[in-house]
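Turn these sequences into a full structure, and let the hints guide you.
Chains A and B, in that order, are what the protein sequence lines are.
Residue numbering for the first sequence follows our numbering, starting at 1 and increasing by one per position.
Residue numbering for the second sequence follows our numbering, starting at 265 and increasing by one per position.
It should be emphasised that the hints constitute simulated quantities derived from the structure, not laboratory data.
Among the hints, erroneous ones may be present.
[What the hints assert, rightly or not] In silico DSS-like links for lysine-lysine, alpha-carbon gap of 30 Å or less:
(1) A:K10 to B:K274
(2) B:K528 to A:K148
(3) B:K517 to B:K400
[Claimed, not checked] Listed next, with one range per pair, are the computed distances between beta-carbon atoms:
(4) B:N435 to A:A22: 54 to 64 Å
(5) A:I234 to B:G441: 32 to 42 Å
(6) B:K274 to A:A257: 42 to 52 Å
(7) B:G441 to A:R217: 34 to 44 Å
(8) B:S373 to A:T8: 28 to 38 Å
(9) A:N247 to B:F451: 45 to 55 Å
(10) B:D422 to A:N247: 19 to 29 Å
(11) B:K299 to A:A257: 49 to 59 Å
(12) A:T8 to B:E353: 36 to 46 Å
(13) B:K299 to A:F231: 51 to 61 Å
(14) A:H213 to B:H287: 42 to 52 Å
(15) B:S288 to A:R201: 33 to 43 Å
(16) A:I234 to B:D422: 57 to 67 Å
(17) B:A475 to A:P209: 50 to 60 Å
Beta carbons: idealized from backbone N, C-alpha and C, even for Gly.
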Amino acid sequence: MSPFFFGTSKRRLFGVYHPPRASRGGERAVVLCAPWGHEYIYAHRSMARLAITLAEAGFHVLRFDYYGTGDSGGNSTDVDLAGCRADIGMAIDELLDMSGAERVSLIGLRLGAALAVEVAATERGRIDQLVLWDPVITGPEYVTALFKAALNMPIGLADPRTISAARGGDHEICGFPLTEVQRREIAGIDILPFLPKLPKRWFALVTQPLGSHDALRSALGGTECRDDPHFEQIEDCAAWHENWPQNAGNVPTDVIARIGAWMT
Amino acid sequence: MNERQEDTAKPPREQVVLFGAKHSLCGIVTHSATKVPRIPIVVLNTGIIHRVGHHRMYVTLARRWAAQGHPVVRFDFGGIGDSPVQSAELPPLDANLISIGEVCDWLESNLGQSQFVLIGLCSGADHSVIYAGQDKRVAGVVLVDPTIPRTFQFFLRDTIRRMMRPVVYLNLLTARGSTWARLRHRFGGHAAEPRDGQFAQPQLESPEAIAFLEQTYQKAITNGGEMLAVFTGGHSFQHNYRRQLWDALPNVKFGKQLDLRYFKDSDHTFTYVHHRERLFSLIDDWLDKKFPSSD
Numbered sequence: 001m002s003p004f005f006f007g008t009s010k011r012r013l014f015g016v017y018h019p020p021r022a023s024r025g026g027e028r029a030v031v032l033c034a035p036w037g038h039e040y041i042y043a044h045r046s047m048a049r050l051a052i053t054l055a056e057a058g059f060h061v062l063r064f065d066y067y068g069t070g071d072s073g074g075n076s077t078d079v080d081l082a083g084c085r086a087d088i089g090m091a092i093d094e095l096l097d098m099s100g101a102e103r104v105s106l107i108g109l110r111l112g113a114a115l116a117v118e119v120a121a122t123e124r125g126r127i128d129q130l131v132l133w134d135p136v137i138t139g140p141e142y143v144t145a146l147f148k149a150a151l152n153m154p155i156g157l158a159d160p161r162t163i164s165a166a167r168g169g170d171h172e173i174c175g176f177p178l179t180e181v182q183r184r185e186i187a188g189i190d191i192l193p194f195l196p197k198l199p200k201r202w203f204a205l206v207t208q209p210l211g212s213h214d215a216l217r218s219a220l221g222g223t224e225c226r227d228d229p230h231f232e233q234i235e236d237c238a239a240w241h242e243n244w245p246q247n248a249g250n251v252p253t254d255v256i257a258r259i260g261a262w263m264t
Numbered sequence: 265m266n267e268r269q270e271d272t273a274k275p276p277r278e279q280v281v282l283f284g285a286k287h288s289l290c291g292i293v294t295h296s297a298t299k300v301p302r303i304p305i306v307v308l309n310t311g312i313i314h315r316v317g318h319h320r321m322y323v324t325l326a327r328r329w330a331a332q333g334h335p336v337v338r339f340d341f342g343g344i345g346d347s348p349v350q351s352a353e354l355p356p357l358d359a360n361l362i363s364i365g366e367v368c369d370w371l372e373s374n375l376g377q378s379q380f381v382l383i384g385l386c387s388g389a390d391h392s393v394i395y396a397g398q399d400k401r402v403a404g405v406v407l408v409d410p411t412i413p414r415t416f417q418f419f420l421r422d423t424i425r426r427m428m429r430p431v432v433y434l435n436l437l438t439a440r441g442s443t444w445a446r447l448r449h450r451f452g453g454h455a456a457e458p459r460d461g462q463f464a465q466p467q468l469e470s471p472e473a474i475a476f477l478e479q480t481y482q483k484a485i486t487n488g489g490e491m492l493a494v495f496t497g498g499h500s501f502q503h504n505y506r507r508q509l510w511d512a513l514p515n516v517k518f519g520k521q522l523d524l525r526y527f528k529d530s531d532h533t534f535t536y537v538h539h540r541e542r543l544f545s546l547i548d549d550w551l552d553k554k555f556p557s558s559d
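Structure, rendered in structure tokens:
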């Protein structure tokens, strides 16, 4: 495992490269696309475990932090979706360069999945496979979930999710500032129009039922292949949600094993 | 400077370092922005959260302190974040104390500094004070919600607080709540045993635990370390008033080295931005007072 900074001097990104620990008879590479905010914090352990699992299965794996998140440069308020997609592009460049592979697979969790969908749809030539893990499907549903999570934090304090107009009128979601501009941008997410443009081999793996799953199933229409379905629900904990202290630190091992099996 | 104003500042110089004998403790060094560096700061993990901290708090802090002249290290203990387990034989606490020493050694070798400040929240605070007692290079510790014994005054305040809650009387009248659940479990045959509190809370009120903690804190103080201890209302099951540390460890001679604060309205991880800004300002002032710039 090699942690390092990459990107440009103005947009420095932190990444962790996991070299393959087994031979697959050809270079195969995977970029992991993280969720945002508190979901990123809780999911870090699971994303690291997934990277190790895939490296043990023979993949070159790169997980990284978008600009304004984790150890990367920038502030939380600098995060924007176009920038995150550009960061995924930089991570793909970096991993192709490091691994010698010709194409990469993307695995995205929550917001990372929505970002990965757009990248995969626009860069089909470089994307091999795509895994959407508990994906954000529609922006309004996600924004509602974020505000609900902020409202239900078990910290026993009053709710200052909306900062006064004098201080910008923005929001706080479980410890992370969310500007009104960011909120509006995230609310505009809709991955369904991109589905026809995705690489042939992709699948969504979900642990928590969402209202938008019906729309996703409908969008798939008759394209589902019984042997290699695009949509699968699995009984496991949500890597990105902490119901402290009951599930603190839990890693969804069944999800990780399923992704590993699907990738290989 | 608050979290919203940082974007105008020059980006800090940050470096990935793999610390330790095995070169596998993953950390980020944020280098000082001043010509003459001030005392380095080592930030320890909070529980199992990796080195960026809750709400990315430690990234913000590291860059803030680096701008003020402090080199800052954030790193992951073995088994947390991006650091693999360091020892299959040693208990985690022992392995983690060795890791802190290895980071301090790196700072001494690479930055030429021989004194450090450790900062930690919750388990990070506990690690900080224990390590400070065994390494005289630790010139200061910032302990945020360290684990301390409960006292007579704690229980008195806790009881009064509970009695002030209407839900207590509502539960009494409607046969709900944990007391009724225990009674039902004891006398009602098949009723499930209620959970005992939120989680396995530390029980530090035994004479042995108090003696250990008194020895630990005294060693840190005797070593010459300055101490800023900040408690929040977010761990009201463990501490609930400012002077509890003094009352809980009565034999420790803290002298003027201890600066004690209590933020009743903050939660344990400083979830809200304005609570973090207040904490950051407090630590800034303490650093300026105890470890002033030599510029």
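Taking the hints in turn, this is what the structure says about them:
{"no.": "1", "hint": "A:K10 to B:K274", "in the structure": "holds, 10 Å"}
{"no.": "2", "hint": "B:K528 to A:K148", "in the structure": "holds, 25 Å"}
{"no.": "3", "hint": "B:K517 to B:K400", "in the structure": "holds, 17 Å"}
{"no.": "4", "hint": "B:N435 to A:A22: 54 to 64 Å", "in the structure": "holds, 57 Å"}
{"no.": "5", "hint": "A:I234 to B:G441: 32 to 42 Å", "in the structure": "holds, 36 Å"}
{"no.": "6", "hint": "B:K274 to A:A257: 42 to 52 Å", "in the structure": "holds, 45 Å"}
{"no.": "7", "hint": "B:G441 to A:R217: 34 to 44 Å", "in the structure": "holds, 43 Å"}
{"no.": "8", "hint": "B:S373 to A:T8: 28 to 38 Å", "in the structure": "holds, 31 Å"}
{"no.": "9", "hint": "A:N247 to B:F451: 45 to 55 Å", "in the structure": "violated, 32 Å"}
{"no.": "10", "hint": "B:D422 to A:N247: 19 to 29 Å", "in the structure": "holds, 27 Å"}
{"no.": "11", "hint": "B:K299 to A:A257: 49 to 59 Å", "in the structure": "holds, 53 Å"}
{"no.": "12", "hint": "A:T8 to B:E353: 36 to 46 Å", "in the structure": "holds, 44 Å"}
{"no.": "13", "hint": "B:K299 to A:F231: 51 to 61 Å", "in the structure": "holds, 58 Å"}
{"no.": "14", "hint": "A:H213 to B:H287: 42 to 52 Å", "in the structure": "holds, 45 Å"}
{"no.": "15", "hint": "B:S288 to A:R201: 33 to 43 Å", "in the structure": "holds, 35 Å"}
{"no.": "16", "hint": "A:I234 to B:D422: 57 to 67 Å", "in the structure": "violated, 43 Å"}
{"no.": "17", "hint": "B:A475 to A:P209: 50 to 60 Å", "in the structure": "holds, 52 Å"}
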